[in-house]
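Chains as they are written, first to last, in our numbering: chain A, 1 to 156; chain B, 1 to 322; chain C, 1 to 401; chain D, 1 to 121.
Source of the hints: derived by calculation from the structure; they are not laboratory data.
One or more of the hints may lead you astray.
[As the list claims (entries may be wrong)] Footprint (simulated), chain C over chain A, 3 or more residues, beta carbon under 8 Å: (1) 24-36; (2) 47-61; (3) 101-107.
[What the hints assert, rightly or not] Calculated pairs, DSS-like style, for lysine-lysine (alpha carbon to alpha carbon, straight line, at most 30 Å): (4) D/Lys96 - C/Lys280; (5) C/Lys164 - D/Lys18; (6) C/Lys45 - A/Lys141; (7) D/Lys24 - B/Lys60.
Computed from a predicted model, the values in this text were never measured in an experiment.
Don't be surprised by glycine CBs; every beta carbon is placed ideally from N, CA and C.
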Amino acid sequence: MNPETIIEKINDDIKDKIQEAALTAPRRINVKVGRERLNEVLTYLKEQLGFTHLGTISGADLGESFEVVYHISNAVTTVNVRILTPRAEPKIPSVCAVIPGAILYERELQDMFGLVVENIPDPRPLLLADDWPAGEYPLRKDWHFNRPAEIIPGGE
Amino acid sequence: MAILKPILYILVYPGLIFLMIYSTFCEWYDRKLYARLQNRIGPLHTGRSGILQPIADIIKLFAKEDIVPEQADKGMFTALPIFALAIVCTAALYLPVWHYTEVPSFISFPGDLIIVVYLLSLPTLIFFLAGWHSTNYFSAIGGTRVLTMLFGYEIPLLLALLSPAVLADSWRLLEIARFFQGKPLLMLVNIIGFFIALIALQAKLERVPFDIPHAETEIIGGQFTEYSGKKLAFFRLLGDIEMVVGAGLISAVFLGGFPGGLLPGLAWFIIKTLFVISLLAAMRAALSRIRIDQMIHFSWRWLAPLAVLQLFIVIIIKGMVS
Amino acid sequence: MEYKVALGPQHPALHEPISIRMTLDGEVIRDADLKLGYNHRGIEKLAESRTYIQNLYLTERICGICSFSHQTCYTQGVEKLMELVPAKRGLYIRTLVCELERVHSHLLWLGVAGQEAGFESFFMYTWRDREVVMDILDWISGNRVHYSMNTFGGVRRDIDDLQKKKILDSLGLLQSRTEYYLNLAASEPTFVGRLAGVGKLSKEKAISLCAVGPTLRASGVPMDVRKDDPYAVYDEVPFEVCTADSCDVLGRAVVRVKELIQSYRIIEFLLKNLPEGPFKVKAPRKVKENEVYSRYEAPRGENVHYIKSNGSDKPERLKVRAPTLANYAATIAMLKNGFIADIPLIFAAIDPCICCAERLVQLDDARRGESQILTFSQLRAMANERYKNVNFKKKDIAWPF
Amino acid sequence: MSIKIAPFIPEMLRSLFKKPATVKYPFEKTPVPPGFRGNVVFDPPKCIGCMICVNDCPAEAIDIIRVSETEKKFKMILHNDRCIHCAQCVDSCPTKTYHMDSEFELAVLNRHQLKIEYKKD
Chain A
1 MNPETIIEKI NDDIKDKIQE AALTAPRRIN VKVGRERLNE VLTYLKEQLG
51 FTHLGTISGA DLGESFEVVY HISNAVTTVN VRILTPRAEP KIPSVCAVIP
101 GAILYERELQ DMFGLVVENI PDPRPLLLAD DWPAGEYPLR KDWHFNRPAE
151 IIPGGE
Chain B
1 MAILKPILYI LVYPGLIFLM IYSTFCEWYD RKLYARLQNR IGPLHTGRSG
51 ILQPIADIIK LFAKEDIVPE QADKGMFTAL PIFALAIVCT AALYLPVWHY
101 TEVPSFISFP GDLIIVVYLL SLPTLIFFLA GWHSTNYFSA IGGTRVLTML
151 FGYEIPLLLA LLSPAVLADS WRLLEIARFF QGKPLLMLVN IIGFFIALIA
201 LQAKLERVPF DIPHAETEII GGQFTEYSGK KLAFFRLLGD IEMVVGAGLI
251 SAVFLGGFPG GLLPGLAWFI IKTLFVISLL AAMRAALSRI RIDQMIHFSW
301 RWLAPLAVLQ LFIVIIIKGM VS
Chain C
1 MEYKVALGPQ HPALHEPISI RMTLDGEVIR DADLKLGYNH RGIEKLAESR
51 TYIQNLYLTE RICGICSFSH QTCYTQGVEK LMELVPAKRG LYIRTLVCEL
101 ERVHSHLLWL GVAGQEAGFE SFFMYTWRDR EVVMDILDWI SGNRVHYSMN
151 TFGGVRRDID DLQKKKILDS LGLLQSRTEY YLNLAASEPT FVGRLAGVGK
201 LSKEKAISLC AVGPTLRASG VPMDVRKDDP YAVYDEVPFE VCTADSCDVL
251 GRAVVRVKEL IQSYRIIEFL LKNLPEGPFK VKAPRKVKEN EVYSRYEAPR
301 GENVHYIKSN GSDKPERLKV RAPTLANYAA TIAMLKNGFI ADIPLIFAAI
351 DPCICCAERL VQLDDARRGE SQILTFSQLR AMANERYKNV NFKKKDIAWP
401 F
Chain D
1 MSIKIAPFIP EMLRSLFKKP ATVKYPFEKT PVPPGFRGNV VFDPPKCIGC
51 MICVNDCPAE AIDIIRVSET EKKFKMILHN DRCIHCAQCV DSCPTKTYHM
101 DSEFELAVLN RHQLKIEYKK D
């Protein structure tokens with residue numbers, strides 16, 4: 001099994017479920033899917049091709065929409081499964097049913113981007129402080145942090 | 001003179017003053033040896049080679065803020081450290097260190113071995129009460145661990161101390177010591193008992209590998225979690241004095257006591273207790289902390305049967321000797 | 001009777017703040033839950049407003065122990081974005097520092113395991129020996145903790161023959177000492193008794209919970225980024241992926257020990273085959289729009305940086321996933337039905353680096369721009385305030401026993 | 001590997017008679033290795049005011065101010081309380097204006113004392 005055969009297999013088997021699949025770098029495959037098909041694609045990758053290890057889930061703020069990338073690896077290659085979700089309705093499906101280890105990453109996404117993960121087993125905030133104000137999502141591009149002036153204690 | 005002697009006995013030697021000074025010295029010795037066994041230096045800067053470090057620690061603790069938890073029973077919480085310290089100091093008075101003459105110390109009586117063992121068990125109960133009254137989960141866990149451990153080591157300790165007493169045909173520390181001074185070769189009979197008593201003493205002092213009740217990486221300070229300031233200082237001092245008394249008890253019972261009157265007796269006391277403390281320090285350095293279930297398992301699987309075996313050996317030897 | 005205890009955020013077994021909320025039944029843990037977020041510094045957000053070169057040192061400061069892991073992971077990602085081929089000698093030196101860092105981290109872990117198990121002598125001996133490798137790192141990089149060896153296109157400092165000889169000499173000493181002490185520790189019944197059979201994590205569970213590093217390898221899964229996705233010069237270096245099948249803390253210790261021995265061999269190989277030539281090449285300052293998913297085998301497991309560039313000299317997004325975060329889910333599974341006494345060992349067995357795992361967020365006070373220096377009395381007043389405001393019911397605070 | 005009783009005893013006894021490994025640091029100074037990254041030292045005559053170091057400094061610890069409008073004279077303010085001693089400025093500078101010394105005991109009671117000004121006389 002090598003990246004080329006994997007991408008062939010993906011194109012053969014689930015062509016109808018994905019929007020795009022390409023080999024972007026050595027040992028990296030980019031797959032674009034619609035968010036409603038995410039769980040099906042991940043199940044296929046896990047069960048047919050042995051992609052069991054979810055490296056992480058990264059989010060990025062693209063302005064109009066949020067991009068969520070699931071980095072999932074097996075022994076030879078890594079597939080970046082990419083979904084887009086509009087800013088107006090930032091919902092993504094939970095993948096915990098397929099990959100139980102995804103829970104912490106999904107909670108992190110909720111905290112940082114304000115994405116709503118549907119059917120998440122444990123929706124509590126993970127990383128932000130207890131008294132963090134609701135509705136503030138620090139990794140969104142429109143969230144700015146104004147650095148306060150530095151105060152050096154003591155006299156001159 | 002008749003009144004002066006008990007007062008001197010209680011206040012100076014082997015009473016409070018001597019105990020305080022000697023126990024801090026023993027703590028320093030223990031720490032220094034422990035450090036050297038680990039290729040470290042240990043205390044260094046307070047006094048010559050850091051000899052005043054334990055005293056400095058106690059002074060530091062006395063200067064700290066004293067906090068009593070809101071939910072705790074204040075009277076109990078405050079009284080426990082003082083009681084425990086008093087009990088251990090009382091136990092020290094029974095050690096046969098004063099004049100080794102035909103007239104034994106005024107406090108000695110037939111059966112004082114049992115009294116010392118009993119008095120050394122009481123601090124354990126006080127540790128449990130201290131943990132329980134702190135109203136802190138970690139303290140409560142520590143307190144229950146104290147009691148659980150007590151069931152493990154107390155019986156082997158008693159059995160181990162029993163065998164020399166059986167051999168010497170006396171329950172009086174002074175007479176056991178005198179018996180072994182007369183027949184030093186018979187000390188070898190009790191070699192198993194000696195090591196059992198050492199291990200049980202280590203457990204009583206709650207030092208590695210038996211520091212389970214206040215294992216700091218597991219339950220913070222165990223029964224002492226909520227204690228601070230003076231009260232913690234009392235508990236620390238208690239630990240040091242208990243170490244001296246325990247070492248003294250083992251030297252009196254297994255190593256032939258402290259013969260030769262006041263000054264040679266003192267010298268023997270220091271030599272023998274330091275020997276026992278060295279063994280305890282080596283044990284502390286060589287072993288890793290065990291779990292509470294492993295500890296109970298160990299004491300009932302190995303310590304208690306070996307103590308019984310020791311008793312049998314002693315009974316057989318006694319039959320052969322007499 | 002079941003009761004709840006919070007272990008942390010301040011606890012002697014934890015060297016960094018995290019809270020483990022446990023439901024206990026006597027000495028047995030029935031349930032465990034982690035609360036993170038005590039150590040956030042806003043690094044991911046900060047990285048978006050800094051240049052690639054500034055981020056080199058920012059990523060290094062994600063962690064103190066595996067500083068080089070984060071920096072290398074980031075550097076390799078950015079090099080791929082720049083389409084830059086680093087100098088060969090630079091890559092060899094980079095790999096050398098990687099392995100030296102692995103040695104120092106694993107020796108540190110062994111000491112910590114000894115300390116958590118209450119075995120101070122082992123802790124002292126391993127940490128004394130760890131000083132040897134710290135001195136080597138100090139010698140070749142100019143600092144003990146933050147080596148700052150990486151730059152885009154290679155490394156910043158060369159290694160001369162004297163350093164090479166010194167490293168090889170100390171390495172021999174280190175290797176013999178490590179083997180000697182490990183043999184001793186492996187035959188010490190109280191120590192082995194504390195590690196064996198503790199914190200079981202089955203192979204299936206380890207895979208499904210996405211554990212990484214020695215935690216995963218001790219469950220019999222031979223996953224190692226150095227083999228699966230070779231970076232730097234790992235495709236030229238002979239080494240084995242170390243695994244164990246016992247699935248417990250002892251297995252994790254065995255894996256780390258085997259990796260130590262492997263690392264010594266790798267270092268020896270690298271030094272003996274160090275190619276001649278330049279140790280760095282010139283790198284551009286701007287990066288065209290692209291994205292990269294960079295993987296790195298840190299001492300604690302797979303370290304991941306996801307970098308998105310937008311054509312300027314600053315990254316659009318830098319996502320860091322430290323190995324510790326990936327192991328948390330597995331830790332909770334391991335803690336269940338263990339003893340309280342095993343918590344520090346199980347938790348230490350993933351080699352937690354809590355500040356690695358938490359990188360993002362702003363302090364509330366910083367936003368208000370007020371002075372952040374609080375006096376003792378102010379802190380005390382704050383605590384009292386908070387205590388008064390918490391609406392306790394009398395029933396809740398009653399001591400349960 | 002077999003289980004023994006107290007296998008550490010011989011090693012412990014050996015340690016007892018060995019010189020302790022402890023470094024008595026503040027009382028006995030240990031030398032730093034060559035190439036140690038200590039304080040940043042600035043050499044004002046060499047500066048050409050290109051500001052690369054200011055842009056590259058990850059800790060924003062360097063300020064370079066032009067002293068006179070006509071001449072190429074610059075003064076540098078080093079905020080040593082922010083400096084992380086990464087030596088990126090040494091690498092970045094095209095005219096080798098910077099170097100690092102081997103000083104590492106930098107603690108002071110007042111952060112203002114860590115602000116160092118280098119000026120060409």
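Hints, one by one, checked against the model:
1. 24-36: Per the Cβ count (3), the hint holds.
2. 47-61: It holds, with 9 qualifying residues against the three required.
3. 101-107: holds (count 5)
4. D/Lys96 - C/Lys280: Measuring from Cα to Cα gives roughly 18 Å; hence the hint holds.
5. C/Lys164 - D/Lys18: holds, 29 Å
6. C/Lys45 - A/Lys141: It holds: about 9 Å lies between the C-alpha atoms, which stays within 30 Å.
7. D/Lys24 - B/Lys60: holds, 23 Å
Going through the hint list in order, the structure satisfies each hint without exception.
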